[in-house]
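As given, the protein sequences belong to chains A and B, one line each in that order.
In case it helps, the numbering used here puts the first sequence at residues 100 to 514.
In case it helps, the numbering used here puts the second sequence at residues 100 to 514.
Keep in mind that the hints are not guaranteed to be accurate.
It does not matter which identical chain is used: a pair holds within one copy or between any two.
[Unchecked claim] Keeping only pairs whose Cα atoms sit at most 25 Å apart, straight-line, the calculated SDA-like set for lysine to any residue is:
(1) 218 - 203
(2) 220 - 186
(3) 213 - 239
(4) 213 - 238
(5) 161 - 117
(6) 213 - 240
(7) 185 - 158
(8) 218 - 386
(9) 185 - 465
(10) 185 - 204
(11) 486 - 281
(12) 220 - 241
(13) 161 - 379
(14) 161 - 123
(15) 218 - 240
(16) 437 - 494
(17) 213 - 331
(18) 437 - 335
(19) 321 - 115
(20) 161 - 115
(21) 185 - 147
Calculated from the structure, these hints are not laboratory results.
Since we're looking at a predicted model, the values are computed, not measured.
Number of protein chains: 2
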Amino acid sequence: MKTLVLKFGGSSVATIACIENVADIVASAAAEARIAVVLSAMGNETDRLLALAHEITEQPSKRELDQLLATGEQVSTALLAIALHKRGFNAQSLTADQIPMHTNAVHGKARIEKIDGEKIKQILDNNEIAVITGFQGITHEGRKTTLGRGGSDTSAVAIASAIAADECQIYTDVQGVYTTDPRLVPEARLMQQITFEEMLEMASLGAKVLQIRAVEFAGRYKVPLRVRSTFVPEHPGTLITLEDKKVEYPTVAGIAFSRDEAKLTLQGIPDEPGIAAEILGTISSANIEVDMIVQNAGVDGKTDFTFTVHRNDYKQALEILNAKSAELGAAQVLGLPKIAKISLVGVGMRSHAGIASTMFATLGRENINILMVTTSEIKISVGVEEKYLELGVRALHADFALDQPPEEEKMLETA
Amino acid sequence: MKTLVLKFGGSSVATIACIENVADIVASAAAEARIAVVLSAMGNETDRLLALAHEITEQPSKRELDQLLATGEQVSTALLAIALHKRGFNAQSLTADQIPMHTNAVHGKARIEKIDGEKIKQILDNNEIAVITGFQGITHEGRKTTLGRGGSDTSAVAIASAIAADECQIYTDVQGVYTTDPRLVPEARLMQQITFEEMLEMASLGAKVLQIRAVEFAGRYKVPLRVRSTFVPEHPGTLITLEDKKVEYPTVAGIAFSRDEAKLTLQGIPDEPGIAAEILGTISSANIEVDMIVQNAGVDGKTDFTFTVHRNDYKQALEILNAKSAELGAAQVLGLPKIAKISLVGVGMRSHAGIASTMFATLGRENINILMVTTSEIKISVGVEEKYLELGVRALHADFALDQPPEEEKMLETA
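One chain only, chain A, in its complex shape (with noise of 0.2 Å):
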């Protein structure tokens, strides 16, 4: 018999009805599998116990709103165990502590140590299902910690790794991942299956299905991933495997944006070693993430420097530029508040030439003008100006056929 891990976030389990539709589908999975449960906490009760203490003051101690905090999924954990004995099912609720599961003591953002499957597997030879709280562990003093915000997808996967569970399901709001954001291009398709590291390009730009943590997660520990709808449970979403089992997966496997980036250039610097780091390093003190980075090979002792950051912080980081640019000796400081950035995605792009000549043909036939460019093995990332990211994502949706399945979904489909 399997053993399978199965997540619920928030939304699935905001009210009573919802928790007896996740109670539903947990009961129809036991009838073939061994079954852990993994819950967020209800809707938004994180928000309002967060609400609560901002009330009496902005800034809170970490560790008792980790306290507070916890008590979240210790609600709907317990609402499920009862929701599962009405269907005739043994169940019990656990928490970090009843496990136990160690993670360090930074709290409201604390790293998964050590979890103890024994208990959990205890439960499941007993024939009984666990339904334990996801988001939270404890220190080794026995101080409540959580994982921060989306942390029950990387507890469901932490617990799978431990009991050795043969599947970890997320379910959530969308059926599964998709080749790009179908609220942009229509004819986007669901895929049957991706890699680890695809998913993982795709989640950092943008296709926000999973918690990256726990695509990590999932990835060093060899846990098989699926994503499914908690409302369309009959679909089976889609699975997250590692790489060597699809050596015949297309090319580009799907396509990431992001909006809301802003791009900064400093022209004509020394091109001398450590320089990039300085420049970086005095953006990254003032808080600033960036994304892109780009420097050309240097002519005649000099080079540009290119990257990106959230619009949010552009103003913030032309200041410092501007102010900094005399002492790294830029010639000047060039900005442009307003780009977005598309990117390919594929673990076989490492064995296909051409697909970058392919995206610059179809962007250019569309006579979008290519701002920036990135790559890793992976990956092609280009910055475009704002108002053509729609066009260009679909333009190249349609020219790399990214609606029709690849060959092995289509085996796996007739089969």
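Once you've looked at the hints, dock chain B against the given chain A.
Showing chain B alone in chain A's frame:
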């Protein structure tokens, strides 16, 4: 420096404004003593959580209900710790598992087995305020339990005992313990002191200021207990003390009463050993609680047996007696569905004769017929027709001069 345990009930922490008020009281007490605080859940939070569970099923598992309800105090304690930080105090909230506070595994009505005072003492030694969840515990297997409604008072007393506190102060919405219900007798006087035994009799008879288990516990472990008001914190309230401190205490300390009783009599039953046990056994196996019991000396081998039950149980009790009366050889079954009980309570009654005769004289003067009488060492209770309840209590309160402070308190007041 003294060590105090301060306990606040749900109405004292119902809103953030209430929690800020409690924080002020605690802050002021912390200027002069080492403080451990014990809290209930905010206002109607326990009812809100119960209602969620009952939306799923009418009979939720008690184990899961405990897991659910235990969140209530975790929220209020974290919020109070945050409010104390705002006032510049070090404070930390603690749940039952963090102390630990062990109970047996009778979910919903758990009994405290052992509280480890070390952790709390360390916190106080470290100049911190410990803010502890009332009402809950954990089993030796780490399952969360609750002590049942009102259990926070018991938690507070048990914690005071575990850390050898000098006093356990129960803050509530009354100013202390009155000689009788002030809604009924406007002249009712707030007592400065009362003994544990008197308090037990007062509490069980309707002056429900404190949970009776908490008073028993405080008496057994000799924890001085003080009832005082959250809303008039400058008033010292009522101290519940060991008897031996007050040999000169007045004969009658207060008047308790209860409505809603009903009286049943088996007339002419054989005056044989075991017959009372048989009657009460039949009643209690129907889960009916019996209050007063009176049996007269037998005449000609026959006797009468009278007892009272809650009015809601009257019909069922009457049916049981009617069905049983032939077997018991009773001449007839008599019932009176509406009686009230008035009780004089006072440790001084032990050494003073004449209390009963004064009581009967007062009632006789007011033409109140006495339906039954029971006595204990420190209490005399009479059953009267319900319509005479208010008249009887007021007349007795006046005749025993309960509106006047006893000599001992007069001395305290001028000291």
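Structure-based check of all given hints:
In this homomeric assembly, residue 218 and residue 203 come within 25 Å of each other (Cα to Cα) both inside a single copy, at 21 Å, and across copies, at 21 Å. In this assembly of identical chains, residue 220 and residue 186 lie within 25 Å of each other by CA distance solely inside one copy; the values are 22 Å within and 46 Å between copies. Taking the shortest Cα distances, residue 213 and residue 239 sit within 25 Å of each other both inside one copy (10 Å) and across copies (22 Å). Taking the shortest alpha-carbon separations for residue 213 and residue 238, both the intra-copy value of 10 Å and the inter-copy value of 23 Å come in at or below 25 Å.
Taking identical chains as interchangeable, the C-alpha atoms of residue 161 and residue 117 lie at most 25 Å apart only when they sit on different chains, with a minimum of 22 Å there against 30 Å within one chain. When the C-alpha separation of residue 213 and residue 240 is checked against a cutoff of 25 Å, the pair qualifies both within a copy, at 14 Å, and between copies, at 20 Å. For the identical chains of this complex, residue 185 and residue 158 are inter-copy neighbours only, at 9 Å across copies versus 42 Å inside a copy, given an alpha-carbon limit of 25 Å. In this homomeric assembly, residue 218 and residue 386 never come within 25 Å of each other (Cα to Cα): the closest approach is 42 Å inside a single copy and 39 Å across copies.
Taking the shortest Cα distances, residue 185 and residue 465 never come within 25 Å of each other, neither inside one copy (59 Å) nor across copies (58 Å). Proximity of residue 185 and residue 204 under a CA criterion of 25 Å is satisfied inter-copy only: 22 Å between copies versus 38 Å inside one chain copy. For the homomeric pair residue 486 and residue 281, the shortest alpha-carbon distance inside one copy (18 Å) is at most 25 Å, but the shortest distance between copies (76 Å) is not. When the C-alpha separation of residue 220 and residue 241 is checked against a cutoff of 25 Å, the pair qualifies both within a copy, at 22 Å, and between copies, at 17 Å.
For the identical chains of this complex, residue 161 and residue 379 are neighbours neither inside a copy (29 Å) nor across copies (57 Å), given an alpha-carbon limit of 25 Å. In the homo-oligomer, the alpha carbons of residue 161 and residue 123 lie at most 25 Å apart only across protomers (22 Å), although the nearest pairing inside one protomer, at 36 Å, exceeds that limit. Both within a single protomer and between protomers do residue 218 and residue 240 lie at most 25 Å apart by alpha-carbon distance, with minima of 20 Å and 11 Å respectively. For the identical chains of this complex, residue 437 and residue 494 are intra-copy neighbours only, at 21 Å inside a copy versus 86 Å across copies, given an alpha-carbon limit of 25 Å.
For a Cα distance limit of 25 Å, the shortest separation of residue 213 from residue 331 qualifies neither inside one copy, at 34 Å, nor across copies, at 49 Å. Within a single copy, residue 437 and residue 335 get their C-alpha atoms no closer than 39 Å, and across copies no closer than 66 Å, so neither meets the 25 Å cut-off. Proximity of residue 321 to residue 115 under the C-alpha cut-off of 25 Å is found in neither arrangement, the shortest distances being 34 Å within a copy and 46 Å between copies. Taking identical chains as interchangeable, the C-alpha atoms of residue 161 and residue 115 lie at most 25 Å apart only when they sit on different chains, with a minimum of 18 Å there against 30 Å within one chain.
Proximity of residue 185 to residue 147 under the C-alpha cut-off of 25 Å is restricted to the inter-copy arrangement: shortest distance 20 Å between copies versus 28 Å within a copy.
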